[in-house]
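S.K.: Starting from the known structure of chain A, fit chain B onto it as the hints suggest.
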Amino acid sequence: SQQGEEDPQALSIQEGENATMNCSYKTSINNLQWYRQNSGRGLVHLILIRSNEREKHSGRLRVTLDTSKKSSSLLITASRAADTASYFCASSSGSRLTFGEGTQLTVNP
Amino acid sequence: EAGVAQSPRYKIIEKRQSVAFWCNPISGHATLYWYQQILGQGPKLLIQFQNNGVVDDSQLPKDRFSAERLKGVDSTLKIQPAKLEDSAVYLCASSSQPYSNQPQHFGDGTRLSIL
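Line by line, the protein sequences give chains A and B. Add 1314 to the 1-based position in the first sequence for my numbering, that's all there is to it. Add 29 to the 1-based position in the second sequence for my numbering, that's all there is to it.
Note that these hints are calculated values from the structure, not bench results. Treat the hints with care, since some could be wrong.
[Claimed, not checked] Derived pair list, reagent style SDA-like, types lysine to any residue, alpha-carbon separation capped at 25 Å:
1. B/Lys91 - B/Trp51
2. B/Lys73 - A/Asn1345
3. B/Lys73 - A/Ser1409
4. B/Lys91 - A/Ser1407
5. B/Lys73 - A/Ile1361
6. B/Lys73 - A/Ile1327
7. A/Lys1383 - A/Asn1366
[Unchecked claim] Residues from chain B that face chain A, not an exhaustive set, calculated with beta carbons under 10 Å:
8. Gly32
9. Val33
10. Tyr64
11. Gln66
12. Val84
13. Asp103
14. Ala122
15. Gln133
16. Phe135
[Said to hold, decoys possible] The following label-pair restraints were derived from C-beta to C-beta distances:
17. B/Pro110 - A/Glu1369: 19 to 29 Å
18. B/Arg93 - A/Leu1375: 35 to 45 Å
19. B/Gly69 - A/Thr1334: 13 to 23 Å
Backbone N, C-alpha and C define an ideal beta-carbon position, used for all residues, glycine too.
Chain A on its own, in the form it takes in the complex:
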């Protein structure tokens, strides 16, 4: 079964609103990473949170990690139309990253 499940699968919001995406994983991890993928393009690394961290910020991004629940969330504040993309969490175990199925975020102008 797939490790790393995002929720929701799709999210549509208005510009200026906040967007929250959740991720669950199955095994113990070294860290958890979030990536963005615009249509027809490769993935772009957004943020990495280590297993001993609970929260991390980067610009308009806020990531939380709850290792007891094996879950993470990505919050994008004050969303913009340019944030429209697919967002993937990737759980890190050993030397391998395992990606989830992704959340498709649409930000309407």
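M.R.: Chain B in isolation, oriented as in the chain A frame:
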């Protein structure tokens, strides 16, 4: 710095034919990855190289897929013979070190369609 380069961007072949993809990682990046991304899914690791050695190819269908990185720089991924289920985007990524606490840098991929 220049990003990860991949070619071709698109490829259409018939089933049972062969196809090859090429990747040039970011200069100085010793670790190179090939992923398969089926439409609507996340990327799935096929193979990971450290310089010209294979670190992880446990998810590579070795009966039809092969990959090499002979000089520890660019890499090719080959499928022979192709099946309908191989229709996907093939992404190449690189990182400066092999540890999974390093971000991976992705190319824009090759979109493969099997007829």
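S.K.: Each hint should be assessed against the structure and marked as holding or not.
M.R.: Going down the list of hints, with the structure as the test:
1. Taking the CA atoms of B/Lys91 and B/Trp51, the gap is near 18 Å; set against the 25 Å cutoff, the hint holds.
2. As the CA atoms of B/Lys73 and A/Asn1345 are separated by approximately 18 Å, the hinted pair is consistent with the 25 Å bound.
3. A distance of roughly 14 Å separates the Cα atoms of B/Lys73 and A/Ser1409; the hinted pair therefore holds under the 25 Å criterion.
4. Between the alpha carbons of B/Lys91 and A/Ser1407 the distance comes to roughly 23 Å, so the proposed pair stays at or under 25 Å and holds.
5. Distance check on the hinted pair: B/Lys73 and A/Ile1361 sit about 20 Å apart at the alpha-carbon level, within 25 Å; holds.
6. Simply put, B/Lys73 and A/Ile1327 have alpha-carbon atoms about 29 Å apart, too far for the 25 Å limit, and the pair is violated.
7. Taking the CA atoms of A/Lys1383 and A/Asn1366, the gap is near 14 Å; set against the 25 Å cutoff, the hint holds.
8. Satisfaction of the interface hint for B/Gly32 is found here, the shortest Cβ-Cβ separation to chain A being roughly 8 Å, below the 10 Å cut-off.
9. For B/Val33, the interface hint holds, the least distance from its beta-carbon to any beta-carbon of chain A being 7 Å, beneath 10 Å.
10. For B/Tyr64, the interface hint holds, the least distance from its beta-carbon to any beta-carbon of chain A being 8 Å, beneath 10 Å.
11. For B/Gln66, the shortest C-beta to C-beta distance to chain A is roughly 9 Å, which falls under 10 Å, so the interface hint holds.
12. Taken as an interface hint, B/Val84 checks out: its beta carbon lies about 6 Å from the nearest beta carbon of chain A, inside 10 Å.
13. A least Cβ separation of about 16 Å between B/Asp103 and chain A goes past the 10 Å threshold, and the interface hint is therefore violated.
14. Satisfaction of the interface hint for B/Ala122 is found here, the shortest Cβ-Cβ separation to chain A being roughly 8 Å, below the 10 Å cut-off.
15. Hint status for B/Gln133: holds, given a least beta-carbon distance of 7 Å to chain A, under 10 Å.
16. This hint holds: B/Phe135 has a C-beta 3 Å from the nearest C-beta of chain A, less than the 10 Å allowed.
17. The hinted window of 19 to 29 Å between B/Pro110 and A/Glu1369 is violated, with their beta carbons roughly 49 Å apart.
18. Taking the beta carbon of each, B/Arg93 and A/Leu1375 are about 40 Å apart, inside 35 to 45 Å as hinted.
19. The beta-carbon spacing between B/Gly69 and A/Thr1334, approximately 21 Å, falls within the hinted interval of 13 to 23 Å.
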